[in-house]
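J.: Protein chains in written order, with our numbering: chain A, 153 to 321; chain B, 157 to 218.
The hints are simulated quantities; they were obtained by calculation from the structure and are not laboratory data.
Do not take every clue at face value.
Distance condition first, Cα-Cα at most 25 Å in a straight line; then the derived DSS-like pairs of lysine-lysine [said to hold, decoys possible]:
| no. | chain 1 | residue 1 | chain 2 | residue 2 |
| --- | --- | --- | --- | --- |
| 1 | A | Lys311 | A | Lys280 |
| 2 | A | Lys314 | A | Lys280 |
| 3 | A | Lys298 | A | Lys314 |
| 4 | A | Lys280 | B | Lys180 |
| 5 | B | Lys171 | A | Lys298 |
| 6 | A | Lys314 | A | Lys216 |
Okay, the calculated bits of chain B under chain A, using three or more residues with CB under 8 Å as the criterion [claimed, not checked]:
| no. | segment |
| --- | --- |
| 7 | 175 to 183 |
| 8 | 191 to 204 |
Even for Gly, the Cβ is constructed at its ideal location relative to N, Cα and C.
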Amino acid sequence: MEKAIAAIEDLVREAILDGYAVAGGMAAIFYVEPVLTYDLDVIVLLPTSTGVLVSLERIYRRLKEMGHIPDAEHVVIGGIPVQFLPAYNPLVEEAAHRCQVLPFGNTTVRVVSAEHLLAIMVQTGRPKDLARVELFLAEADFDRLKLMDILSRHGLLEKWGKFSRKEDS
Amino acid sequence: MSQIAGGTGFPQVIKESIEERRQKMARLPVEEKFRILLRMQRIAAEAARARGGTARQPWQVD
Numbered sequence: 153m154e155k156a157i158a159a160i161e162d163l164v165r166e167a168i169l170d171g172y173a174v175a176g177g178m179a180a181i182f183y184v185e186p187v188l189t190y191d192l193d194v195i196v197l198l199p200t201s202t203g204v205l206v207s208l209e210r211i212y213r214r215l216k217e218m219g220h221i222p223d224a225e226h227v228v229i230g231g232i233p234v235q236f237l238p239a240y241n242p243l244v245e246e247a248a249h250r251c252q253v254l255p256f257g258n259t260t261v262r263v264v265s266a267e268h269l270l271a272i273m274v275q276t277g278r279p280k281d282l283a284r285v286e287l288f289l290a291e292a293d294f295d296r297l298k299l300m301d302i303l304s305r306h307g308l309l310e311k312w313g314k315f316s317r318k319e320d321s
Numbered sequence: 157m158s159q160i161a162g163g164t165g166f167p168q169v170i171k172e173s174i175e176e177r178r179q180k181m182a183r184l185p186v187e188e189k190f191r192i193l194l195r196m197q198r199i200a201a202e203a204a205r206a207r208g209g210t211a212r213q214p215w216q217v218d
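In isolation and in its complexed conformation, chain B is listed as follows:
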């Protein structure tokens, strides 16, 4: 809590939390990371459509 209240501490808390999450993601099984990649492609396509642009086609895997 003191980190949050301490002005400069709050960004540090966020930074550490992001880094921790990224480390966790990096250590996931590759098959799980592959599924996340497919989700990222779908989200990117939806976001592009929503702003009226075009996006690369998400992979159509079984």
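So that you can see chain A by itself, here it is in the shape it has in the complex:
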């Protein structure tokens, strides 16, 4: 994991990325019990000077130059398939900007906060996301006021309400 983070940090230093934050199952592991995942999902903030496709192409090309192997939509770094996801909506962009810097081994990792992860899971709404919401509610330490603020600003209160009602029944 440290190798993957070091490679991503290199991309930030080289201004190929404006920023990043780990999301998905690997981010969840920072807050709840381990969940089975096979990808390291990384939300990337791309430089605004170039288009998304050009920026992604630069990421994949540079990582290949560093010796990391592209594999379908992933790049395998230090044995871990890493998927780069451009911040695809305002919530995801905010999640990357307001991420937490957390220790991992001998390094630190930028990780989406528990509140933003919850909001993204509610927004995405796949069965596996909703199952993870349950895990977070049972196990994670998070700020409910902060979560409500995020849900409200991104128009997710109704979706959250439906989910909460299902949880209560």
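Mind docking chain B on chain A? Use the hints.
T.: Leaving out everything else, chain B in the frame of chain A:
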């Protein structure tokens, strides 16, 4: 013991025990949880092989 003998008590004991274990797991250091994830990937791959299916490749980390 009375919880076990009490019919509906037994599932409650199991439920509480599972919840307690999950809380404990959630509070492990993230590095330990990462090692558990690697073990889960290997177990999932072995289980898939055993039933003749295919599974995602476990991470090959040092």
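J.: Each of the hints needs a verdict: does it hold here or not?
T.: Hint by hint, here is what the structure shows:
Taken as a hint, the lysine 311 of chain A and lysine 280 of chain A pair is honoured in the structure, with Cα atoms around 16 Å apart against an allowance of 25 Å. At roughly 16 Å between alpha-carbon atoms, lysine 314 of chain A and lysine 280 of chain A fall within 25 Å of each other, so this suggested pair holds. The straight-line distance between the Cα atoms of lysine 298 of chain A and lysine 314 of chain A is roughly 19 Å, inside the 25 Å bound, and the hint therefore holds. Of the pairs offered as hints, the one joining lysine 280 of chain A and lysine 180 of chain B holds, with about 22 Å between alpha carbons and a cut-off of 25 Å not exceeded.
Our distance criterion of 25 Å between C-alpha atoms is broken by lysine 171 of chain B and lysine 298 of chain A, whose separation comes to about 30 Å. Distance hint between lysine 314 of chain A and lysine 216 of chain A is unfulfilled; the C-alpha atoms sit about 45 Å from each other, more than 25 Å. Coverage of a stretch by a chain is defined here by at least three residues with a beta carbon nearer than 8 Å to that chain's beta carbons; for the segment 175 to 183 of chain B and chain A the count is 5, and the condition holds. For a cut-off of 8 Å, the count of residues in the segment 191 to 204 of chain B with a CB near a CB of chain A stands at 5, and the three-residue condition holds.
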